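**Student:** Next come the chains, spelled out residue by residue.
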Amino acid sequence: MIFNLATFGIVFVAMLVQQLIPSFEWAHGGFVFVVAVAFFCCAISVPFPVMLALAFFTGLLWDGLHVVIPPDGEISNPQAAIKDIKFGYSILLFAGLGGLMQGLRPLFRRGRWELPIIMTGVGAFLFLLIQYLLVNFSLGGLVFPTTVWYKILTTALLCMLISPLGFFILHRLATATGYQIRYEGLRRRFS
Amino acid sequence: MKHLNLLAFVIFSLLLGWVFMFSTDTKRKIQRPILSVFGVVNKTAHALSADEDVVNGVNLGPAALAEKYSEEELAERYSYLLREVMELRAIKSQFAQIQRDNLKLRESLGFLKSTDLSGLVPARVIKRESSTWWNEFWINKGESSGLVLQSPVLTTTLAREGEEPRPALIGKVTALSENTAKVLLLTDERCKVAAKVDRTLESGLLMGSRAQDGTPTLMLRYLSKNTEELLNNPNANVLSSPAGGVVPANFLLGIVKDFKTLEFYGEATVEPAVDFAQLTDVFVMLPTDEAQVIEAAEAADAESAAIPRAAIPVAEPTSEPTSEPDPSARTEPEPLSEQ
Chain A
1 MIFNLATFGI VFVAMLVQQL IPSFEWAHGG FVFVVAVAFF CCAISVPFPV MLALAFFTGL
61 LWDGLHVVIP PDGEISNPQA AIKDIKFGYS ILLFAGLGGL MQGLRPLFRR GRWELPIIMT
121 GVGAFLFLLI QYLLVNFSLG GLVFPTTVWY KILTTALLCM LISPLGFFIL HRLATATGYQ
181 IRYEGLRRRF S
Chain B
1 MKHLNLLAFV IFSLLLGWVF MFSTDTKRKI QRPILSVFGV VNKTAHALSA DEDVVNGVNL
61 GPAALAEKYS EEELAERYSY LLREVMELRA IKSQFAQIQR DNLKLRESLG FLKSTDLSGL
121 VPARVIKRES STWWNEFWIN KGESSGLVLQ SPVLTTTLAR EGEEPRPALI GKVTALSENT
181 AKVLLLTDER CKVAAKVDRT LESGLLMGSR AQDGTPTLML RYLSKNTEEL LNNPNANVLS
241 SPAGGVVPAN FLLGIVKDFK TLEFYGEATV EPAVDFAQLT DVFVMLPTDE AQVIEAAEAA
301 DAESAAIPRA AIPVAEPTSE PTSEPDPSAR TEPEPLSEQ
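Chains as they are written, first to last, in the working numbering: chain A, 1 to 191; chain B, 1 to 339.
I should point out that these hints are in silico values taken from the structure, not numbers from a laboratory. Misleading hints may appear alongside valid ones.
Claimed, not checked - Pairs of lysine to aspartate or glutamate residues, derived as DMTMM-like cross-links and limited to a Cα-Cα distance of at most 25 Å, are as follows:
id : chain 1 : residue 1 : chain 2 : residue 2
1  : B       : Lys225    : B       : Asp198
2  : A       : Lys86     : B       : Glu129
3  : B       : Lys225    : B       : Asp281
4  : B       : Lys92     : B       : Asp281
5  : A       : Lys86     : B       : Asp25
6  : B       : Lys225    : B       : Glu271
Please read these numbers as outputs of a predicted model, since none were measured by experiment.
Modelling step: build the complete structure from the supplied sequences, incorporating the hints.
**Tutor:** Printed below as a string of structure tokens:
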């Protein structure tokens, strides 16, 4: 229970830290997407219902911070209206990608980190790509310059790089709170 | 699927559907406390990174300096700093003259002479990320200073050399907390402003272009297809038009650089009037429209109970002499005549 609650705190802290992290020129403008890493690491460590609640919390905070909410109808020129991603799409995205991470949970519980690390990067990549496509969709027209590909790719790679740290922290937290992440399953005994 | 998982999925779907059905007001009510909390973080980070407290990113004392540098390095550093002191002395001697010129320019703009001091709020850019450099930034003024959503954000600029400085629109406020606000820049494609070309009958919609590298450009769309006026009038000023209903008319936006005819309409490339890379101090125009004021007041009343206002520090003026605009200079600009 304490561990599950702590994952919400981790995501919140990640959201605060994200505000202070700059993007890197040497990485084609890529940045360390701490929120995605925190969410995906937590999503694989907690049961499905908690993951959904976490996705709701993370998506709500993310959209609250980043979605531009258009003003109510005082604009006389409808073409001048601000268009952005609909409020709530990030919840759906986090839940969907968190669901993918849940698929790797049995592997993760057996102590295998390789695929979860790769999936963290893939998840960050998909999140940014889908968000960018949604923005394109809402603005009309598909503009996809090479720089955007580079930016998304380098961000995903940076996420992969730091995700072992996330898994390590979660394991330590689980040990401290008495939560069982690692589970080998029922083993046959040979006597 | 386990029953518990299924139940969680159903509840999640219902909650998600509920979020999608939120009204704009509800979304703002949710956004406001979030922005307040994260606004405090941004402000704190800004305060901690003050240049005078940090040397090369680290606050070094004499002992640490002696440990870090060899004698040769210290000597080299000393001579470098000495050169810098000389340069700064030279700059300082020019400063008084520049300050006098600056005051004259401000006077010419009517910022000091105007009797109505409630029209403009000076603000400082406190956060600008490189990843969204041409899209948005945060300023240190918010709802408590009278800002409302869609408030136009201005700065002064010289349209051309030799001309008098004039107010230029750089964006509008899109999110507000008690003491901070997020400004969507003109160079963002989502920020669309009704605009007209000076000395012509042409008007259209000005917006940024997506995923820009280097210097940003603006696009003026929905112009007439084969307009002789534009083809014969390159470098015309682009001004805000009252058609959009949000931005007052005749604020300078940019200069036409290129015009091309597309399938259904004409499109002009516009060079911004302002150097968007160098924005540090801006002015936010307070609402003059009664409906805008009422809407802002209603929103503030509705959320007064929800926001922990006491937890948010009030913006303090910095000690830099020139960069912070004089609070006494808050005025409403005189309406500009079309040139």
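**Student:** Now look at each hint and say whether the structure bears it out.
**Tutor:** Hint by hint, here is what the structure shows:
no.	hint	result
1	Lys225(B) / Asp198(B)	holds (17 Å)
2	Lys86(A) / Glu129(B)	holds (23 Å)
3	Lys225(B) / Asp281(B)	violated (38 Å)
4	Lys92(B) / Asp281(B)	holds (21 Å)
5	Lys86(A) / Asp25(B)	holds (14 Å)
6	Lys225(B) / Glu271(B)	holds (20 Å)
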